[in-house]
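Residue-level listing of the chains:
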Amino acid sequence: MMLAPATELEMAEAVLAAHDRSEPVWVHGRETKKAMMRPVQAARSLSTRNLTGVTLYSPSELIVSARAGTLISDLEATLAAQGQHLIAEPPDFSALLGSTPDQTIGGVVATNLSGPRRIAWGAMRDHVMGLRFVNGSGELLHMGGRVLKNVTGLDVCKLLTGSHGTLGVITEVTLKVLPMPERRATLALAGLDPVQGTAALSAALGSPYAVSGAAYIPAALAATVPALSWMGGSVTLARIEDFAPSVVYRADRLRADLAGFGNAELLDDGATRAVWASIRDAQPLQATPGQAIWRVSVRPSAGPAVAASVQAAFAQAGFGASWFFDWGGGLVWIAGPANEAAHDAVRAAAIRTGGTWTLVRAPDALRTALAVIPPEPPALARISARVKTAFDPRSILNPGRIRAGHAEGEAA
Amino acid sequence: MIVQHAPKADILARREQILAGLRRILPETGVIGEALRLKPYETDGLAAYRQPPLAVALPETTEQVAAVMAFCHAEGVRVVPRGAGTSLSGGALPMEDAVVLGLMRMNRILEIDYADRLAVVQAGVTNIGITNAVHERGFFYAPDPSSQLACMIGGNVMMNSGGAHCLRYGVTANNLLGLKVVTVDGQILEIGGAHCDAAGLDWLGLITGSEGQLVLATEVTVRILRSPEGQRAMLAAFDGTEVAGQCVDAIISSGIIPVALEFMDRPCIHACEAFAHAGYPMDAEAMLIIEVEGSVAEQDELLGRIKDICRRFKPLSLKVSGSAEESAAIWKGRKGAFGAVGRISPDYLCMDGTIPTSRLPEVLRRIGEMSAACGLGVANVFHAGDGNLHPLIMFDANDPVSFHKAETLGADILKLCVEVGGCLTGEHGVGVEKRDLMNVQFTEPELDQQRRIKSAFDPAWLLNPSKVFPLKLPPEALEAARHSAVPMAAE
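Line order of the protein sequences matches chains V and S. When we follow the numbering used here, the leftmost residue of the first sequence carries the number 1, and every step to the right adds one. When we follow the numbering used here, the leftmost residue of the second sequence carries the number 1, and every step to the right adds one.
Isolated chain V (complex conformation) (with noise of 0.2 Å):
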């Protein structure tokens, strides 16, 4: 049974019953993530999407308040019309994940989803200012603000950003925006290997030019980017945005700077666009329905490494893998069969690099017998086990949504 309120007392008083009860709920807003991470086994389920609309727009102080259920289309309009937008560049995972595309801001805040921009600009959590939220206990709570810099008191924003429902119900946030950049390009290098292609994008970022995308794409997967085919090979790429004259100025500039990776294209406004929202998405992957998704981040150098690794292990089962680097090979996309060998494989390579990993998407069944990310060390799980409980004392919000067992509250 679902429910979806219209008001944020209304869903304080909504979780309050659940409390009472001690009923578990999934928490969701348009259940177009609901593939990703573990499964929720909860009779009664709690939706946001009825919590709609911008509360507060203050385009001059780059502020911008919006109640959970605003879906992304409609706040990301707002902005445009005064020439501003989200500054993680929040994906749109619904053709991967099989979702309508109507998410909303709180589903993107709830799982601090950002895209290409995050590694110049920030993740979606860098720009969460303020939150208004109902937790376990059906308290409904504000934590931040509606400006720009604030330490007082401890940041629960960020703790709440990326909770995916398991510490509160979102039911509003405030996040900082950027005015939209003037013009955008890219240089695109063809036919390096992943080894150079993250040295060159190592280039790209380390250089004064505020390149503010950079990705790898394997020739096989580059040819299925209408954008890009036309390149042949592999192709690198780095982004430029920002006002007009300083895009040609500092593209001719990193041009010049990665001429010892080869003569660099410049694709144009529209063709950045385009690729670069192909490449937010994870749609150079071109997984098919079956395949199992994983994102490893891990220092960008390393990015190679993981790729090579799970190509080996993968062949050696006899599957093949898909992958690409977003990130400057900080990201890995990767996409292969269902199975739990193939997560081992996943999992051991970005252990072995120091990164981390996300199975991203699979059969629910195995995204409910598997880890769907790294588990925590003892003492650390213990501490979130208590801070789950600080907030959800009776467990019922998103159960199992993040681990299984873990941060339920049985260890406090």
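Keep in mind that the hints were calculated from the coordinates and are not lab data. Any given hint could be a false lead.
[Claimed, not checked] These stretches of chain V come out as covered by chain S in the derived footprint (C-beta under 8 Å, 3 or more residues):
# : stretch
1 : 58-72
2 : 115-128
3 : 177-191
4 : 371-377
Note that this is a predicted model, so its numbers are computed, not measured. Ideal placement from N, C-alpha and C gives every residue a C-beta, glycine not left out.
Could you slot chain S onto chain V? The hints should help.
Relative to chain V, chain S alone:
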């Protein structure tokens, strides 16, 4: 004054055993117990409050920190973490029965990786020390608090320090990748690492800015950035604070985000000019320092656009720096603002509220009225782009009436910040200074939620107690204690 939890009598009675226990863990020079040598640790950047600690421990390794924490935990001893002691909110104010755990001896840079644009440093490395270490290769560490020559990265992490360039580069929290931390019972944990966005709950985000309430940080992995090709500042002077505020709005609304956008009012301009001789306009009611970066041509382009915007607001003067030296002179006045005010007043309190930038004219007018009503001068310096306001309240610390007035005025200004939609502190932290104002910004359930997080990390409240969270005391007890001259104890 400030009320602290009462010292535990049994701890005070066992002082010698506790010192002996610390000496078993640390080298001889790492434990301080003599009254004279405890003196430098009795206060921090908020020098109005003083309290010598039980002892000072100065570990040199994470393992020593863990051993000290395990020992103190087992003995039930409170611990006050300390970096360089530059906190302006009393974040490192000791307690009579607490061990001050100073991290200044952990001052090594462990790794610099230009390819992955990160540095791993110990907590006692100074903020500027990171930039100095990578400067030669054209890199820098972005957050730049005014105290950056002295303050340490461990303290920056715990206070989530800002600086003048946050508008473009963010605060400490936005520039961290990982931490090595020690829990209250002496466990060592790795949080995050050399990669972005650790999966699971954002412990890195929660710990950053937690003011030593949750864990101690001993190692920090920071992002280092490539420096821009250059930067240049300009000055714009106006005959009213209102038009200056409107000009700030117009610049941001035009789509330009300068790397710094600083606002000074008349008293502040005068104090700074007397100190820095930067050529500040003495006839102005308000002045903006606006800095842009990029190549010379890019600077010219942006400064040209900004000048056009400024002209719409009838500036008294516009002055674009022609050289790095001129830019440095412009910044010298601003960066020395606190010291400059210190030259014209025996003492000052530096407040740190944030307000919605659109409310600036109204807030400055009301601060002016409050300042006139209590007879204490106030100079205002403001990070105009991000709304962080620093009113400097001038008073005489040798006059208890003057000090009490300054504290009251400061509290009233912060209440005003919250009233107009802002917050109590933008970058200095709550510490002891703003602790008893927390219920102006938060409801009791909101404070209790935060207290429960504290308890999850530190069930016995041994880490930096008496700070951040208002003590649960009857109001009369707090009021009585506030009028005494030294930290008062209460249960």
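Hint check results:
1. Here's how the stretch 58-72 of chain V fares: 6 of its residues keep a CB closer than 8 Å to some CB of chain S, so the rule of at least three is met and the hint holds.
2. Counting residues of the stretch 115-128 of chain V whose beta carbon lies closer than 8 Å to any beta carbon of chain S gives 6, which reaches the threshold of three, so the coverage claim holds.
3. Check on the stretch 177-191 of chain V: 4 of its residues sit with their Cβ under 8 Å from a Cβ of chain S, so the three-residue criterion for coverage holds.
4. Three residues within the 8 Å Cβ limit are the bar, and the stretch 371-377 of chain V against chain S gives 4, so the coverage statement holds.
Every hint, counting from the list given before, is met by this structure.
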